[in-house]
Amino acid sequence: MQQLVVEPLTRQSGATQVSTVVQTSSTSTRFPIVVADPTSGWTAEGSEIDVSDPDIDELNVVPKKLAALVVASNELIADSDPSAMQVVGDGVVRDLQVRLDAAHFGSPVADGPNGLGSLTSVQHVSAGGSFADLNAFAEGLSNLETVDSSPTRSFVAHPNTLLALSELKVADTWNLPLLGPDATSPTKRSILGVPVYWSPAESASTVWLVSQAKSFVVMRQPTSLVVDDSAYFRSDRVGIRCTMRVGFAWPHQAAVVKISAGGS
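Residue 557, in my numbering, is where the sequence shown stops; the numbers in between run on with no holes.
I should point out that these hints are in silico values taken from the structure, not numbers from a laboratory.
One should not assume that every hint holds.
Unchecked claim - Just the calculated beta-carbon pair ranges, DEER-fashion:
{"hint": "1", "residue 1": "A506", "residue 2": "D404", "range": "20 to 30 Å"}
{"hint": "2", "residue 1": "I326", "residue 2": "G384", "range": "36 to 46 Å"}
{"hint": "3", "residue 1": "S435", "residue 2": "T413", "range": "18 to 28 Å"}
{"hint": "4", "residue 1": "V391", "residue 2": "D522", "range": "26 to 36 Å"}
These figures come from a predicted structure and were not determined experimentally.
The beta carbon of each residue, even a glycine, is placed where N, CA and C say it ideally should be.
Use the sequences and the hints to build the structure in full.
What follows is the structure, given as structure tokens:
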């Protein structure tokens, strides 16, 4: 199951690529939130050190069920080449990815976990009427760096937004793209040296900047894949059911930056 569903999903999903994946067997996962740090101070030798306590809160995440059910004929399962089970498994992973990213980057979904759009304390940066330059992205990085020192962060944009950014030129009379390729990894793209990922679930007027150390995708184990023909016995078919439970957590919302264009 890990190799058939979980590993391909974490490789392909935009949500899992920009976040820290937590796999757990618990029904819920608690993330500590430091509301106020303990206080330190310069102290003379031999003097007592002032005592201070951190102000700690917590975020409790209960993963929600994401499920798929596929029905195929026994002839197809037995006689196909390549294996129909592998083809069906690949299709399930693709659809799970779409649903997972839609919940993470898109509008809230019924019975699913709340995504980035539900956060109320993220940092906001306006790019004006359109993404015409990289000034808003530089501002977003600066804002993130004031609250987060972790080196791994990522931008996430809609493919159309990423295309528009890729078409920006260094100057009106130059045909050199403003977003230069990464010489160490030509197939990847970056903005101001920061990796950028894309998801069709994202709004074309919004780009998210996320710190991987402060963004979590919680996957409750085990993910279940069941093959059963009892429900479809009369039609000589087999049902293939996959269920997994996923939740999202951003215990430090200030480490998320929303860069918007067009007044969104």
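Taking the hints in turn, this is what the structure says about them:
1. A beta carbon spacing of about 29 Å between A506 and D404 agrees with the range 20 to 30 Å that was offered as a hint.
2. Taken as a hint, the range 36 to 46 Å holds for the pair I326 and G384, whose Cβ atoms sit roughly 39 Å apart.
3. With their beta carbons about 22 Å apart, S435 and T413 fall inside the hinted range of 18 to 28 Å.
4. The given range of 26 to 36 Å is respected by V391 and D522, whose C-beta atoms sit roughly 27 Å from each other.
The structure fails none of the hints (numbered hints given earlier).
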